[in-house]
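J.: The primary structure of each chain is shown beneath.
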Amino acid sequence: MSLRRNNFSQQKPGSRIPKAVCFCLFLLCAQLSFAGTTSDFRAANKLYDEGKFPEAAAAYEKITPKTANVYYNLGNAWFREGKLGLAILNYERARRLTPRDPDVLANLRFAEQRLGVEDVNTPPRAIQRFLHSVVVSHTPTEWGAFELVALWLTLLAVAGCIFLPRARTAFLVVAIIGFLGFGASAFALGYEAITRHTAPQAVVVIDDSEARFAPLPESTVHFKLAEGTKIVIREDRDQWLLVERADGQQGWVKSDAIVPITPR
Amino acid sequence: MVWQVTPNRTGQFKIPAAEVEVDGKKYSTEPIEITVENVTAQPELQERLYARVQFDRQPVFLGQTAPLNVVLFARADFPLYGLSGFQVEAEGLGYRHLNKVRSESRGINGVSFNVVTIEGVVTPTRTGKLAFGPAAIKCQKRVGEDWFGRVQTEDITVPVDPLDIEVLPLPEEGRPADFAGAIGQWNLAVTAKPTELAVGDPITFTIKISGTGNIDTVPAPKLGSLEGFKTYDPTTKTTKDDLNTSGQRVIQQVLIPKSTEVKELPDVRLTYFDPVAKAYKVAMQPPIQLMVKANSGGQTEIVSGGSRLRPEEKLGQDIVYLKGDLGPTAATIPFYATSTFWMLNIIPVLGLFGGIGWKWRRDKLRGDVAYARRSRAAKSARKLLASATSYDEVQHALQSYLGDRLNIPSGGITASIVDEQLVPRGVNGELAADTKACFEVCDTVRFAGGDADNGVTATREKVERLIDEFEKKQL
Chain B
5 MSLRRNNFSQ QKPGSRIPKA VCFCLFLLCA QLSFAGTTSD FRAANKLYDE
55 GKFPEAAAAY EKITPKTANV YYNLGNAWFR EGKLGLAILN YERARRLTPR
105 DPDVLANLRF AEQRLGVEDV NTPPRAIQRF LHSVVVSHTP TEWGAFELVA
155 LWLTLLAVAG CIFLPRARTA FLVVAIIGFL GFGASAFALG YEAITRHTAP
205 QAVVVIDDSE ARFAPLPEST VHFKLAEGTK IVIREDRDQW LLVERADGQQ
255 GWVKSDAIVP ITPR
Chain S
17 MVWQVTPNRT GQFKIPAAEV EVDGKKYSTE PIEITVENVT AQPELQERLY
67 ARVQFDRQPV FLGQTAPLNV VLFARADFPL YGLSGFQVEA EGLGYRHLNK
117 VRSESRGING VSFNVVTIEG VVTPTRTGKL AFGPAAIKCQ KRVGEDWFGR
167 VQTEDITVPV DPLDIEVLPL PEEGRPADFA GAIGQWNLAV TAKPTELAVG
217 DPITFTIKIS GTGNIDTVPA PKLGSLEGFK TYDPTTKTTK DDLNTSGQRV
267 IQQVLIPKST EVKELPDVRL TYFDPVAKAY KVAMQPPIQL MVKANSGGQT
317 EIVSGGSRLR PEEKLGQDIV YLKGDLGPTA ATIPFYATST FWMLNIIPVL
367 GLFGGIGWKW RRDKLRGDVA YARRSRAAKS ARKLLASATS YDEVQHALQS
417 YLGDRLNIPS GGITASIVDE QLVPRGVNGE LAADTKACFE VCDTVRFAGG
467 DADNGVTATR EKVERLIDEF EKKQL
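So the protein sequences, as listed, match chains B and S. Once you know that position 82 of the first sequence is 86 in our numbering, the rest is easy, because the numbers rise by one and skip nothing. Once you know that position 104 of the second sequence is 120 in our numbering, the rest is easy, because the numbers rise by one and skip nothing.
Source of the hints: derived by calculation from the structure; they are not laboratory data. Please note that a few of the clues may not be correct.
Partial chain S-side listing against chain B, Cβ under 7 Å, derived [stated by the list, open to error]:
#	residue
1	Val336
2	Leu338
3	Gly343
4	Ala346
5	Pro350
6	Phe357
7	Pro364
8	Gly371
9	Trp374
Glycine included, each C-beta is placed from N, C-alpha and C at the ideal position.
The following block holds chain B by itself, in its conformation from the complex:
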C-alpha cells in the first residue's frame, strides 16, 4: 500500500486528466471532421443529381481525405461533363483503393470503350496482362497482409517440422504452400511498390497530346496520345514529362496534358 502511495505521490498532479481530455478532444474533432466531410459529399451528390456536373466535380475535389467513393463519384461527374480523360483518371484512383469494386471497374471500362483506348491501355503481351491483372486485383495493403500471413504460416510450419517431427510431412506441405504464397504476395507487393515509386502511371487528359522527340516546342512530333491513354512517367523536367506508352514508345509531353494517378 505504501508503495502505491509513493507512486502516486511521484506523479505530477493532474497529469492524467489532460491526456484523457486530449484523447476525447481528438475523437470529437475526428467525429466533427467526418460529419463535415459526409455533409460535403452529400451536397456534391445533390449537385450531380441536379445536373450541375462541373459544380459537383468541384465539390468532390474539395473533399479531403478522398475515399474511393469520392474518386468514383468525381469520375462520374467528369464523365457526364464530357471530360472522359479526367473520368478515367478518377476511376483509376478509385480502383487503386478498391480494386474489385464492380461499379468502378464497369465505369472505367465503359469510359475507355467510349474513348477507344481500351486496347491501348492493355499491356500488349499475355504475360504482362496476366501479371498486371493479378497485381492490381488487390491493394498494396492487402498484399502486405497476405505476405505477413504467408510468412508467419511458413515459419510456424518450419518450426513445426523442427519441433514436432512426428507431423513433419503435414508441416512440410503447409510450409511449401505458405512459402509459395509468401513468394507470390511479396512479388506483387514489391512490383506494386517499385512501379509506384520508379514508374508512376498517369492519364492523358487532353486529346491528341503530342509526344515529341525532345522537350522543346519546335521538336518533331513522335506520336500523338489520345485522351484517356494510360502512360508511365519516366522523367520530369520543368514543364515537360518523358512518358512511355504501353507499346514502349517514348516521347516528351507537356506536363499539363497528363495527370499522375497517384496525386502529388
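We have chain B already, so just place chain S on it with the hints.
T.: Structure of chain S alone, referenced to chain B:
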C-alpha cells in the same frame, strides 16, 4: 525423200518434174505449181514479238464478270528472257489480272512461238463503249552474258492495241421484283439437320450457292417466313477462285422450333441474271418438311415466364450511378511503409532462429555431458559459494567448478590440478598461483584448524574472483 520449202517472196512458182532411171527404165513425177500470196490475215507473222487482247464475250452486261486475257507472242528465235511489268488503262471496266502468267509453246501457221498469257477479268461498272487500253507489256530481251556468266538483258516495251468493249445495262424487261444484283449462273442447294426433333432442339439449316460469276454480287437468298422459330445470326463462308469467276457460298443458320405446330422450314429463293442466256432466272428450293415432337418435359411449346419467347433483349449501356456513402478512408501511409509491417516481418524470423538455437542447445545439453557440465559450472559453483560457511564448502565449490569445467570427477581435485590440468590449458602466473593458494589455505585450515570467520569470507570472495577469471579466459 522429203523436202521442205519456205517461200521468201510472193508469186507463182513451179517445181519441175523429177526423173529417175532404174534398170534402164525412166520414171518421172508431175510438175507442181505453187502460188505464194501475201498473208494479210495473219499479221502476227510480220513481227517477232507482239501482243494481242483475247476477249470473246462481246457485248458484256453491267456487273458481269468476263475473262479477258492479254497474250504476248514471241517467236521461238526471239531471245525473250521474261516479263517485268504490265500497264493498262481500263476505266470503268473493273479490270484485274493475276500476277502469275501462264507460258506455253504454240505453233502458228507452221512457226513456233512462245506464248505468255496474262489472265484477267473485267467486271464493268458502267455502260457504253468502254476502251480496254492502251496497254503495254514490259519485257526483257536476253542480249548475252557477262564475264561471270550472268545474263544481260535489255528492256523492251511491247504495245498492246486498244480494244473497245460494249457494256449493256441489265434488261429492265422481265426483271423480278426480288432481284438483288446477283449475276452469273448459280445453283442452290438446301439441307437441314435434323428434320425429326423435339421442341427447343436446334436445327442447322444450310444453304449452299455455287456456280460461275462474281460470288460477291450474290446476296443472301430470300427465306420464307421464320415465324415459329427462334433464330440466331447466320454464319457465312465464301470460297472463290483467284479471279472471282466462280465460287461457292455456304450460309448456316441455327433455328429452334418453338412449338409442335411448326411443320416445315421455309422455302429458299435466289433470283439472278444469267448473262449467257441474257435472261433473269430463279433458283428455288421447296420447304423442307419437319417432324417436331414435344420435348422430354412434355412441353409442346417453349415458354418463358408464362409467356412466349420474346425477341432477344438489347440492354442499354451507361455508367453506374453514384455511391451514396463516403466509404472507408484509406491510410495515408501504405501499410508496407510502416514500421509495424517490418516488425511483423522480422519478429517471426528472429523467433524461428531463436527457437532453432534453443533446440540446438537443449539437444547438446542432453547429449554432450562435458558441454552440459561446462555450461552449468559457474552457476552451480556460485550457488555453492553463496551458501558456503566453511573452508570445506568453499573448497567443494572450487572443486565442483573445476571438475565441471574440465569434465573430471570433482571429489579428487587438489592443488596439483593447477600443474596437471590448468597450466597446460594456458592458465599461468597469478591466476594459477591464486588457485593453488586457495586449495592450500583450505587444506591447511581443514586439517590443521585455525581462525575461520574472516578467512572463510576472504577465501570465498577470492574463489568467486577466480571463477570470474576462469570464465573470462574460457577455461
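J.: Each hint needs a verdict: does it hold in this structure or not?
T.: Each hint tested on the structure:
1. Val336: With a minimum Cβ separation of about 4 Å from chain B (threshold 7 Å), the hint on valine 336/S holds.
2. Leu338: Leucine 338/S check passes; min Cβ-Cβ to chain B is 5 Å, inside 7 Å.
3. Gly343: holds, 4 Å
4. Ala346: Interface hint status for alanine 346/S: holds (5 Å vs cutoff 7 Å).
5. Pro350: With Cβ-Cβ at 5 Å, under 7 Å, it holds.
6. Phe357: The hint holds - phenylalanine 357/S has a Cβ within 7 Å of chain B, the shortest such distance being about 6 Å.
7. Pro364: holds, 4 Å
8. Gly371: At 6 Å from the nearest chain B Cβ, glycine 371/S passes the 7 Å test, so the hint holds.
9. Trp374: With a minimum Cβ separation of about 10 Å from chain B (threshold 7 Å), the hint on tryptophan 374/S is violated.
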